[in-house]
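Chain by chain, the residues run as shown.
2 protein chains.
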Amino acid sequence: MAQSISLIPVRGIPEIKPNDNLVEAIQNALSQNSLTLEEADILVCAQKIISKAENRIVDLNKVQPSPYAHTLSKEVSKDPRLIEVILSETTKIIKMDQRKPEKGRLIVETRGGVISANAGVDASNVSGGDMVTLLPIDSDESADKLAQGFKDRLGIDVAIIITDTVGRPWRDGLVDIAIGCSGIKALKDYRGESDSKGFELNATVMAVADEIASAAGLLMEKADSVPVVIVRGYEYETGGNGAKELIRNPEDDLFR
Amino acid sequence: MAQSISLIPVRGIPEIKPNDNLVEAIQNALSQNSLTLEEADILVCAQKIISKAENRIVDLNKVQPSPYAHTLSKEVSKDPRLIEVILSETTKIIKMDQRKPEKGRLIVETRGGVISANAGVDASNVSGGDMVTLLPIDSDESADKLAQGFKDRLGIDVAIIITDTVGRPWRDGLVDIAIGCSGIKALKDYRGESDSKGFELNATVMAVADEIASAAGLLMEKADSVPVVIVRGYEYETGGNGAKELIRNPEDDLFR
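Order-wise, the sequence lines are chains A and B.
In this text, residue positions in the first sequence follow numbering that gives the first Met the number 0: the first is 0, and each later residue adds one.
In this text, residue positions in the second sequence follow numbering that gives the first Met the number 0: the first is 0, and each later residue adds one.
Please note: incorrect hints may appear among the correct ones.
Any copy, or any two copies together, can satisfy a pair, since identical chains are not distinguished.
Simulated crosslink set (DSS-like; lysine-lysine; CA at most 25 Å straight-line) [as the list claims (entries may be wrong)]: (1) Lys61 - Lys184; (2) Lys243 - Lys77; (3) Lys144 - Lys91; (4) Lys61 - Lys144; (5) Lys102 - Lys150; (6) Lys99 - Lys144; (7) Lys243 - Lys102; (8) Lys99 - Lys77; (9) Lys243 - Lys99; (10) Lys94 - Lys16; (11) Lys150 - Lys243; (12) Lys77 - Lys144; (13) Lys144 - Lys16; (14) Lys184 - Lys99; (15) Lys61 - Lys150; (16) Lys91 - Lys184; (17) Lys150 - Lys16; (18) Lys102 - Lys77; (19) Lys150 - Lys73; (20) Lys102 - Lys16; (21) Lys61 - Lys94; (22) Lys94 - Lys144; (23) Lys243 - Lys73.
Hints are computed from structural coordinates only; laboratory data are not their basis.
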């Protein structure tokens, strides 16, 4: 029987630089907040600090846009150097808004399979006006490394979820989703279980890793410095195959 | 500065029947759990109990399918009576899966503007094999009434969020979203604020009501009886115009 869940913000993480030891930076911040990680905690980390630690930072001043990047830059009113970087992260353009180029919308499928605006390339919260961050190359692998780092340091198993903030068709406002995870099954399958009336539940598979990402997102205020949130008390299933499980098979997707 | 958030499940709510007093049913369950509602708590309620209390229940045995419902029922392999009920809740068919009728997918825009599979018509957790529930007629109004009910009874202001469980393009697994809310602004606008480096944040409007719905969804286990979750400690903005604010203007929607 599920008990209460706590969402605990971890403040005081300094700006992360390439090759910083994230486990140490998070551990230091936890100590400053008098927090101790516990077995089975879920540590939710904003993509931005992972990308910075992994040196997934590009200086637009060093980017040479291709002719196609120039063409596209006019169609969506964006800096051609930024378009060049977005294209380098893109496997497929899903949609762009040529009717309203001033909105600059370019929805693509990224190398990792996540579909998002601008391939997750982002300029906010990066030092230096022309610096942008890219998504981690393999966010599930990044999550695995972080989980292993805490295991080595503290001797406990924590689950890791790496999140990004995305828009959605049909609905206004952004939400946080899971782009990488480790130690937790991203999907929870209720099929075969019965509902409270004794009827078998059908087709109920919940994207729990996305729901956890959104829960933590409530504390990751954009103007604040809360890139890490502890989710404590949620009874999850271990194992699984990372956040890849959240990506719908294109053949089974009505919107691709 | 945001503090920790607690997600607290409310167990022991009995099966809700048409015209039941929901405020009383929830209050009784809170007492049984030794829980007391506090000023500024957010009470997240699954759509199903609202629909039942509002008698939004249809007996399929009393439904006469139209010729079009019969046509459509073959295209998506569903009971024509169920299709008839879905169509009565639908303003527009967004997508259906004629390539794979056995999957039975029919994505529509509902009267309330929410886009979801089968217009939110649902057979699980309803007594009687042929009974289905419909979404509340106006979930924002339902939320307002519930908030007023707690105000009258307890003399405190609580926010209400009514949730439904939906699928999404591109991503596997379902998540909970807000289809109605009262006393909380569904969108939180960070534009004009600066990020932690002092850069102005652009285009960052978060769908906080959806994130709260997803957070609470973690405790609304399908086979369990947790239709209500208290979210305590989240600093939200009051006011706003309900969950309608979460519905993207069709003219500004790349996917309609």
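Between Lys91 and Lys184, at a C-alpha cutoff of 25 Å, which is it: within one copy, between copies, both, or neither? Classified as neither; 27 Å inside a copy, 35 Å across copies.
With identical chains, the pair Lys61 and Lys144 could be close in the same copy or across copies; at 25 Å between alpha carbons, which is it: within, between, both, or neither? neither (30 Å within a copy, 58 Å between copies)
When no copy is named, should Lys243 and Lys73 be tagged within, between, both, or neither for a Cα gap of at most 25 Å? neither (33 Å within a copy, 34 Å between copies)
How would you label the pair Lys61, Lys184 (within, between, both, or neither) given a Cα cut-off of 25 Å? neither (40 Å within a copy, 42 Å between copies)
For the identical chains here, do Lys99 and Lys77 meet the 25 Å Cα criterion within one copy, between copies, both, or neither? Classified as within: same-chain Cα gap 12 Å, cross-chain 39 Å, threshold 25 Å.
For Lys243 and Lys99, with the copy left unspecified, which applies at a CA distance of at most 25 Å: within, between, both, or neither? The answer is between: 24 Å across copies meets 25 Å, while 32 Å in one copy does not.
From the Cα coordinates, with 25 Å as the cut-off, is the pair Lys99 and Lys144 best called within, between, both, or neither? neither (42 Å within a copy, 40 Å between copies)
Lys94 and Lys144: within-copy, between-copy, both or neither at 25 Å Cα: neither (33 Å within a copy, 40 Å between copies)
Indicate which option fits the pair Lys61, Lys94 if close means a Cα-Cα distance not exceeding 25 Å: within, between, both or neither. For Lys61 and Lys94, the Cα distance exceeds 25 Å both inside one copy (27 Å) and across copies (44 Å).
I want to check one pair: Lys144 and Lys16. Are their C-alpha atoms no more than 25 Å apart within a copy, between two copies, both, or neither? within (17 Å within a copy, 51 Å between copies)
Can you give me the call for Lys150 and Lys243, within, between, both or neither, at a CA distance of at most 25 Å? within (23 Å within a copy, 45 Å between copies)
Classify it for me, Lys150 with Lys16: is the Cα-Cα distance of at most 25 Å met within a copy, between copies, both or neither? Result: close within a single copy only, 23 Å intra versus 50 Å inter.
In this structure, the hints that do not hold are numbers 1, 2, 3, 4, 5, 6, 10, 12, 14, 15, 16, 19, 20, 21, 22, 23, in rising order.
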